[in-house]
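Novice: Residue strings, one per chain:
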Amino acid sequence: MPRAEPLSSGEPRLRVDALVSPHGGPFSVTVDAHECVAIVGRSGSGKSVLLRLIADLDPHDGEVWLEGGARSSWPAPEWRRRVVYQAAEPAWWASTARAHFAPASLALVDALLSNLGLDNALMDSDITRLSTGERQRMALVRSLACEPRVLLLDEPTAALDQASTLAVEALLAARLAAGLSVVFVTHSREQAERIGHRLLEVRDHQIHAP
Amino acid sequence: MTPIHLGAVDLAVAALLVLLSAGASMALQLRVHRQLLWAASRMVVQLLLVGLVLRLVFRAGSPIATVGIVLLMIGAAAREVAVRPSERLKGWANLRIGAMVVGASSVATVALALLTAIRPSPWFDPRYAIPLMGIVLGSVLNSASLSLDSFFGGLVAGRASIEARLALGAPIHVACAELIRNSIRRGLIPLINQMSAAGIITLPGIMTGQLLAGMDPLEAVKYQILLLFLLTGAGAMAASGSVYLAVKSITDERQRLRLDRLAVK
Numbered sequence: 001m002p003r004a005e006p007l008s009s010g011e012p013r014l015r016v017d018a019l020v021s022p023h024g025g026p027f028s029v030t031v032d033a034h035e036c037v038a039i040v041g042r043s044g045s046g047k048s049v050l051l052r053l054i055a056d057l058d059p060h061d062g063e064v065w066l067e068g069g070a071r072s073s074w075p076a077p078e079w080r081r082r083v084v085y086q087a088a089e090p091a092w093w094a095s096t097a098r099a100h101f102a103p104a105s106l107a108l109v110d111a112l113l114s115n116l117g118l119d120n121a122l123m124d125s126d127i128t129r130l131s132t133g134e135r136q137r138m139a140l141v142r143s144l145a146c147e148p149r150v151l152l153l154d155e156p157t158a159a160l161d162q163a164s165t166l167a168v169e170a171l172l173a174a175r176l177a178a179g180l181s182v183v184f185v186t187h188s189r190e191q192a193e194r195i196g197h198r199l200l201e202v203r204d205h206q207i208h209a210p
Numbered sequence: 001m002t003p004i005h006l007g008a009v010d011l012a013v014a015a016l017l018v019l020l021s022a023g024a025s026m027a028l029q030l031r032v033h034r035q036l037l038w039a040a041s042r043m044v045v046q047l048l049l050v051g052l053v054l055r056l057v058f059r060a061g062s063p064i065a066t067v068g069i070v071l072l073m074i075g076a077a078a079r080e081v082a083v084r085p086s087e088r089l090k091g092w093a094n095l096r097i098g099a100m101v102v103g104a105s106s107v108a109t110v111a112l113a114l115l116t117a118i119r120p121s122p123w124f125d126p127r128y129a130i131p132l133m134g135i136v137l138g139s140v141l142n143s144a145s146l147s148l149d150s151f152f153g154g155l156v157a158g159r160a161s162i163e164a165r166l167a168l169g170a171p172i173h174v175a176c177a178e179l180i181r182n183s184i185r186r187g188l189i190p191l192i193n194q195m196s197a198a199g200i201i202t203l204p205g206i207m208t209g210q211l212l213a214g215m216d217p218l219e220a221v222k223y224q225i226l227l228l229f230l231l232t233g234a235g236a237m238a239a240s241g242s243v244y245l246a247v248k249s250i251t252d253e254r255q256r257l258r259l260d261r262l263a264v265k
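For the protein sequence lines, the chains are C and B, in the order given.
For the first sequence, position 151 (counting from the first letter as 1) is numbered 151 according to the numbering used here, and the numbering increases by one without interruption.
For the second sequence, position 256 (counting from the first letter as 1) is numbered 256 according to the numbering used here, and the numbering increases by one without interruption.
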């Protein structure tokens, strides 16, 4: 995939500046529009910590800018609607998948479901009866349905077979082309090289070049 | 009609029942005789002390003594609310929630009863204020501690789904809405049970006491109804107040879920 151009303003889509918490950091990284930054690292190295800090889910120091606007200038929920974090084990709070979506997003959801090879009937079945892989793809649909500017994905294909993994990567590539920015955490360097425009490694709770 | 006075002999006869139970425990190897006897003696001493104190306070009729006793009772109830949940806030936060909720809900309802329905003179007459406070506190304690226990327990169990909602941009109150509702409801169930069972399944304690003390049954019933209304109001205030204060304590200015503020017992 060609390397993306930065925004005309010169500001990157996302600029992470010295985020530090007792669990890791300082982390600094920039992500441009259309760009996917892949992050690899051993389990426990601090990859999830980094994503949670960017999404402002844990207390920490440091600042993040989205298209030049400081995170602290947004109410936290609005920030998290633009910069969506998807946990490695996505949780569900209602009994059907459909109940997790805003009614206004359902047209988009339909399109996303078919992109990922998910049957629309799954929307109304009991969420606990979906397979782990179906739930993981459904979680990606749920995240994309918020139409974020930046998507922070933590091992989004861990429970998927080869075909589904490739479908997820193809969908992400299409969203990237449409302007999304992605930070993609994976344990697989192969996958990181496939999907990432840039590859970084988290080691000892810090970001390094791989 | 005057109440029938109890003498030492009357109590001693009833105490035989406790000794009998202890004997049965020994014979059946239930191994509760020691606890049974200890609890019985403790109860006798506690109640005699309370009786003595109340006699003094009733006689003095001083507002300061009454307020002092009421504050002690509130403090004890607040402490119970604070220590009951198995997951609770670190430091003094639980006690602060307990004190605010217990104090506000009990004082508000008891003052309402004293100023509108019962109207003793003076209105702070300890003979009315202290027993009313006692019964309201019992109920408030129950509602607040059930609600808090359910809320903190639910936070720990539901952490992943609450954070999933936060991560998708839900404000903390929306992310916790279901849990907030369930926790408040949990605190209200004993009140509903108490009202629906009153008179049919149980004769409430106050009413029983007044009947034994010689009051006309209908008069006793009216008191009981008033009390159950008070208990319901106080319990509802305590349940919702404690949960909303707890929500404030487990989040911060960036609407994160701060489970690091919880200590597990």
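Simulated from the structure, these hints should not be mistaken for laboratory data.
Among the hints, a few may not be true.
Claimed, not checked - From the structure, some residues in chain B lie toward chain C, with a derived Cβ separation under 7 Å: (1) SER150; (2) GLY154; (3) VAL156; (4) ALA157; (5) ALA164; (6) ALA167; (7) GLY169; (8) ARG254; (9) GLN255; (10) ARG256.
Unchecked claim - According to the in silico footprint, chain B covers these stretches of chain C (three or more CB under 8 Å from chain B): (11) 89-95; (12) 164-171.
Even glycine gets a Cβ: it sits at the ideal position worked out from N, Cα and C.
Novice: All hints are to be evaluated individually against the structure, with a verdict given for each.
Specialist: Checked hints:
| no. | hint | verdict |
| --- | --- | --- |
| 1 | SER150 | violated, 17 Å |
| 2 | GLY154 | violated, 12 Å |
| 3 | VAL156 | violated, 14 Å |
| 4 | ALA157 | violated, 11 Å |
| 5 | ALA164 | holds, 4 Å |
| 6 | ALA167 | holds, 4 Å |
| 7 | GLY169 | holds, 3 Å |
| 8 | ARG254 | holds, 4 Å |
| 9 | GLN255 | holds, 4 Å |
| 10 | ARG256 | holds, 6 Å |
| 11 | 89-95 | holds (count 5) |
| 12 | 164-171 | violated (count 0) |
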